[in-house]
Structures are given as structure tokens and as C-alpha cells.
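**Q** The listed protein sequences derive, respectively, from chains A and B.
Residue numbering for the first sequence follows my numbering, starting at 36 and increasing by one per position.
Residue numbering for the second sequence follows my numbering, starting at 9 and increasing by one per position.
None of these hints come from the bench; they were simulated from the model.
Check before you lean on any hint, since a few could be wrong.
In the SDA-like style, the derived pairs of lysine to any residue whose C-alpha atoms are separated by at most 20 Å in a straight line are [to be verified]:
| id | chain 1 | residue 1 | chain 2 | residue 2 |
| --- | --- | --- | --- | --- |
| 1 | A | Lys175 | B | Phe151 |
| 2 | A | Lys398 | A | Thr349 |
| 3 | A | Lys142 | B | Ile155 |
| 4 | A | Lys142 | B | Glu138 |
| 5 | B | Lys134 | A | Gln122 |
| 6 | B | Lys30 | B | Lys134 |
| 7 | B | Lys134 | A | Lys307 |
| 8 | A | Lys307 | A | Ser209 |
| 9 | A | Lys142 | B | Phe151 |
| 10 | A | Lys302 | A | Ser239 |
| 11 | A | Lys398 | B | Thr153 |
| 12 | B | Lys134 | A | Thr349 |
| 13 | A | Lys142 | B | Arg135 |
| 14 | A | Lys142 | B | Thr105 |
| 15 | B | Lys134 | A | Gln59 |
| 16 | A | Lys302 | A | Val289 |
| 17 | A | Lys302 | A | Thr349 |
| 18 | B | Lys134 | B | Thr105 |
| 19 | A | Lys313 | A | Ser399 |
| 20 | B | Lys134 | A | His295 |
| 21 | A | Lys142 | B | Pro157 |
| 22 | A | Lys313 | A | His295 |
| 23 | A | Lys175 | B | Pro157 |
| 24 | B | Lys134 | A | Val118 |
| 25 | B | Lys134 | A | Arg322 |
| 26 | A | Lys142 | A | Val118 |
| 27 | A | Lys142 | B | Lys30 |
Predicted, not measured: the structure shown is a model, and the values here were computed from it.
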Amino acid sequence: MLHEYLLYTEAGMSALSVDLQLQQGSLCLCAKFEVQNGSVTALFGRSGSGKTTLLRCLAGLQRFHRGSLICHGEVWQDHQRFVPPHQRAIGYVFQEASLFEHLNIEKNLAYGFNRIPTSQRRIQFDEAVHWMELAPFLQKRPGQLSGGQRQRVAIARALLTSPRLLLMDEPLSSLDHQGKQEILTYLERVLGQLGIPVIFVSHSPQEVIRLAQDMVLLENGTMIANGPLNTLLTQPDLPLAHFEEAMSVIHTRVLGHDDHYHQTWLKVPGGKIAVPQKPYPEGSPMRVAIQARDVSLALTPPTQSSLSTILPVTLIDIHADRDPSQVLVRLDLEGTTLLSRITRRSADQLGLTAGLALYAQVKSVALIE
Amino acid sequence: MTLPTEAFLSPQDWQAVALTAKLALTSTLALLLLAVPLAWWLTSSLRWYKSIISALVSLPLILPPTVLGFYLLVLLGPEGIIGENMLALGLNTLPFTFEGLVIASMLYSLPFAVQPLQSAFESLGKRPAEVAATLRAGPVDRFFTVILPLVRPAFASAAILTFAHTIGEFGVVLMMGGNIPGETRVLSIAIYDHVEATEFAQANHLALLMLLFSFSILLLVRLVNGRQPGVNAS
Numbered sequence: 036m037l038h039e040y041l042l043y044t045e046a047g048m049s050a051l052s053v054d055l056q057l058q059q060g061s062l063c064l065c066a067k068f069e070v071q072n073g074s075v076t077a078l079f080g081r082s083g084s085g086k087t088t089l090l091r092c093l094a095g096l097q098r099f100h101r102g103s104l105i106c107h108g109e110v111w112q113d114h115q116r117f118v119p120p121h122q123r124a125i126g127y128v129f130q131e132a133s134l135f136e137h138l139n140i141e142k143n144l145a146y147g148f149n150r151i152p153t154s155q156r157r158i159q160f161d162e163a164v165h166w167m168e169l170a171p172f173l174q175k176r177p178g179q180l181s182g183g184q185r186q187r188v189a190i191a192r193a194l195l196t197s198p199r200l201l202l203m204d205e206p207l208s209s210l211d212h213q214g215k216q217e218i219l220t221y222l223e224r225v226l227g228q229l230g231i232p233v234i235f236v237s238h239s240p241q242e243v244i245r246l247a248q249d250m251v252l253l254e255n256g257t258m259i260a261n262g263p264l265n266t267l268l269t270q271p272d273l274p275l276a277h278f279e280e281a282m283s284v285i286h287t288r289v290l291g292h293d294d295h296y297h298q299t300w301l302k303v304p305g306g307k308i309a310v311p312q313k314p315y316p317e318g319s320p321m322r323v324a325i326q327a328r329d330v331s332l333a334l335t336p337p338t339q340s341s342l343s344t345i346l347p348v349t350l351i352d353i354h355a356d357r358d359p360s361q362v363l364v365r366l367d368l369e370g371t372t373l374l375s376r377i378t379r380r381s382a383d384q385l386g387l388t389a390g391l392a393l394y395a396q397v398k399s400v401a402l403i404e
Numbered sequence: 009m010t011l012p013t014e015a016f017l018s019p020q021d022w023q024a025v026a027l028t029a030k031l032a033l034t035s036t037l038a039l040l041l042l043a044v045p046l047a048w049w050l051t052s053s054l055r056w057y058k059s060i061i062s063a064l065v066s067l068p069l070i071l072p073p074t075v076l077g078f079y080l081l082v083l084l085g086p087e088g089i090i091g092e093n094m095l096a097l098g099l100n101t102l103p104f105t106f107e108g109l110v111i112a113s114m115l116y117s118l119p120f121a122v123q124p125l126q127s128a129f130e131s132l133g134k135r136p137a138e139v140a141a142t143l144r145a146g147p148v149d150r151f152f153t154v155i156l157p158l159v160r161p162a163f164a165s166a167a168i169l170t171f172a173h174t175i176g177e178f179g180v181v182l183m184m185g186g187n188i189p190g191e192t193r194v195l196s197i198a199i200y201d202h203v204e205a206t207e208f209a210q211a212n213h214l215a216l217l218m219l220l221f222s223f224s225i226l227l228l229v230r231l232v233n234g235r236q237p238g239v240n241a242s
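The shape of chain A in the complex, shown without the other chains (with noise of 0.2 Å):
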């Protein structure tokens, strides 16, 4: 009873709670993190490394062997009880879109909300297929629709069944360069909207930094980390810091926008940022992507530049890089990690040691949207 009571609290506090082990062939799983309502986090691993294993547990079309998992106070699945996925509050999104072949687009998306007492429907009918603007595919076979336009009818489909958590398979990785772009600008606008906890894997850090806030870690079906997206992009022991596009994504907000320049400034700790001109209101907010290799570091604030972006920085550590000839370097921004990537010779003519006030110039800024 006490035990009951214990999990229940410490499972009030998160939206979900995962907590689990597997033994599956060659493949140990084990991860434990939890979710609040409204994130979005990226399970983010090479392949073979667990990612859609997990994901399946979490939707109950797999069990785990050992360990809990809750979701908003609902015990899914622990050492007495399991709870089968037509029963959990789940929408799943497959990998490819596994449409009903059978049943034309509108019986597709009614498939699932017709299975939803009235009373518990959240989402509307018209209101998912307005926001993957799917009115004029209704009465079209899935045959008939290309394969971005099939991942929106899976996508609203899994969400017309008023699910409090979303998880999602890779839905990117089976479109080409111009339907994940399309799928994304289609997550990105509802996402937020859901104010549910939303769980997709990905390989790809460019998906990852488009839709998360947070992230869990697997490596060989461990989870080696979890936490917010940045903190974990810059901590120089996890490899990401160190892949060959390693970043910083940074929270800003629109400033004011420059007519003459065509330019929008960013507000950025410590400073502000140019890019080119956004449609944005003043102080909506914007992520932006610093590559550590765009960093460059300089002890007095240049003058004569043609890089605009110089930011006042202080350092915190240096770190061997996979390149012997390099140093990743970890620079605080007002409480924000950023990373640079210089040479091993500068770091070394430029006396760097930690706790040293720098001027990182920033050579290029990538948008996040």
C-alpha cells in the first residue's frame, strides 16, 4: 500500500517515468529518465543501439523485463501488471507510415478516433486535419499519396486518438530531403501545441535540434545520459561534443529587425546576434545553432572584423578533441555552454586557461525553425 502510494507521488511529479531493463538477444537494455508535459525528447543513438526497442516498451508492444514505467500516475507496466497498447493513452507513429491499405485517408484517421469515447476526445477530427492540411486527400487510397503526405495522415492519426504521450519512430527516415523538411515544419507547428510529453527516436542531430528540448542518451543499449538538449550537446565526456558538426543551440529572442541590412538581431546572453531578416515579431523566441568549429577566440575585442557576432565569454575547461592537432573548448555565455573548436597552437599562443575572459566571434549562426 505504502509502496503504491510512493510511486504514485513520485510519479505526480513527471508526466512519465521510465525506469526499465531488457535482455534481448545480444542487446541489454537499460534506461531510466523522466518526462514532463510539454517536452519534446529525442531518444538519440546509433542504430543498433536501442532507440526503437525502448520506444516499443514505452507502447507496450514490447515488455521489459525488470523496473517500472508510469505514465501521469498510471501504472503501464511494472513486476504484476501490464497494460497492453490498445489500453494505454498512447499515439505511435511507425517508421514508415503503415497506412491501412484497405481503407481510404478519412477512414484511416477515423480509425482510431472512432475508438475514443466522446467524452475523452481532445483533439477534433477537422482540427488534426487542418493542421497536416489534409482535406484534400480524404477520400484518396493511401497508394495515392506520396510518402510525406502519408507520414501526415499518420502523424494525425495517431494524435486523433487523444493520446497524453506521443511517440514517434524515426518518422523522418524513410522520406527524402524535401518531405522530412515538410514533416518537420508539420511537428514543429504542432508539437508545442500538445502540451503532452512527445518521445521520438532519431539518428539524425539535425531532426534532434529542429524538435527538442531534451534528450536521452543510448549507447549499445545503455543510457549513457539524459538531460536538456544543450547541456548534453556540450558535455566534452559524451560524443557528442566531439562529432565533426558539434554544436551549441542556444535560446534567444527577436530584438529588433534592421530594414536596411535585412537583418533580424537576436538577443543572446552576453550580447546580440545578426541574421538575415526573419518575418518574426519583436521578442518572440528563436533557437539558434552555433557550430564549435564557427568559434574562434580572441583576448582583446577585435575591431577591423568582418564577423559581426563577438560575444563576451568566459572560459570553463579545455578538452582534448578527436583530432590531435585540435582542442574543443567549453566557454560560458551567461549560464549557456558554448563550444569552440580551435587548434591546439592557438589555444597554446593564446595562454588559455580556465576562468580566462575571452571574445568569441562567431562566424556563422544557423536558425532554428
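Knowing the structure of chain A, use the given hints to seat chain B on it.
**A** Then chain B, alone, in the frame of chain A:
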């Protein structure tokens, strides 16, 4: 050989044709009811004895029909285990009755009904059922609303093949049913009788009918399988 002077088929032969059609239809419908759950079980079960059941289902493919008929006769006859019990329950024994023939035909055609369905279930894979489960459909619900509609073409081939195969059965009928007009005297038996009586013209008429029928059936199966929407669900 005398030229036929009477009608193309005699009333007795028409009776055999009608009986054969009735037998094939009854057996097909009854067999599909049995084959669907059996094929589904063979596809999804992980039990150790699955291979044994699977082999038993395929047995009629290679077993001489007379052997099958013989054992059925022994089992269902008044001395057999099943026959004895049926008598004890106040029922008639099944050999030499139409019902007995239906049972025999079902066993005889079992692989023809189970195999197309089983391979369709297998090629469908788990995905459609999993998708349906994540859309809140329970096991029975998803079987009827997703699995069965997606294997509809296989359903049609199973029905057609069973029907055709039953039309042509001979050895099992001879063993189990004998040659009772209107009750168990089916087409193949009638042909055999005509040949025995050297009535080659009548035998030829019935045989020709069978030949055309069998060819049309196979053509139909080809056409049905030619257009298969839905099986490659992705």
C-alpha cells in the same frame, strides 16, 4: 463405341453434378470457418507443437486419398472410437452419408484452404496489427477490421481452390461414401461407373465438364491473384 442418342447428360448424371456442387459448397464454407483461425494460429503461435500441427495440416497433400478415406471409415464407422461414441449418443454414424462426405472433404482439402491464408498472414507481418493496437483496437477488433480485410485476395484463392479440389475428389468418397445416388454419388464416381459400364460417351461428357470447370477455376485464381491491393501494406 455408340454415338450418344440421348440428352447430353442423363437425369442421374445431373443429380451427380448437383450433389457434387452442393458438397463442394458446403465443405468450402465449413472449411473456411475452420481454416481462418487455424492459419492465424499457425502464423502467430510460438508453441513447440506448432510444427506437428503444420505437418498434419499438409498431410492430405501427399497422402493417397484412399488412405485418408480408409482411416476416416475406420474412425467414424460403428467400430471406430468416434463412431462408437456417436452411436452411444444416439446419433447415426457418418460413413455413407452426405455429412460424412462433408467431413471427409474438409480434411481432404484442408491444406488448400490453410496454406494461402497462412502465407498471406505471414507476408502481412505484425505491423498492421501493431498499428491497430496503438489506435486502441483490441485483438478481436483488429483481426476483423484490419487483418481479414487485408488478406481478402488470399481468402478468395483459398475458397476457390478448396471448392475446385473438393469437386474432383474420388478416393476419399469411394472409401467413405460409396455410391449412393443422390446421397454420395458424386461426379468422379459417376464417371468411374460409366467407364466400368463401357459408357464412354457419358463418361466423356462428364469428364469434359470437369476439365472445362477446372481450367476456368485456375484461370479465375490467376485473375484474382493478379490484382492484389492491400497485401503489401506499408
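**Q** Tell me, in ascending order, the numbers of any earlier hints that this structure violates.
**A** Hints 1, 6, 7, 8, 10, 11, 12, 14, 18, 20, 25, 26, 27 are the ones this structure does not satisfy, whereas the remaining hints hold.
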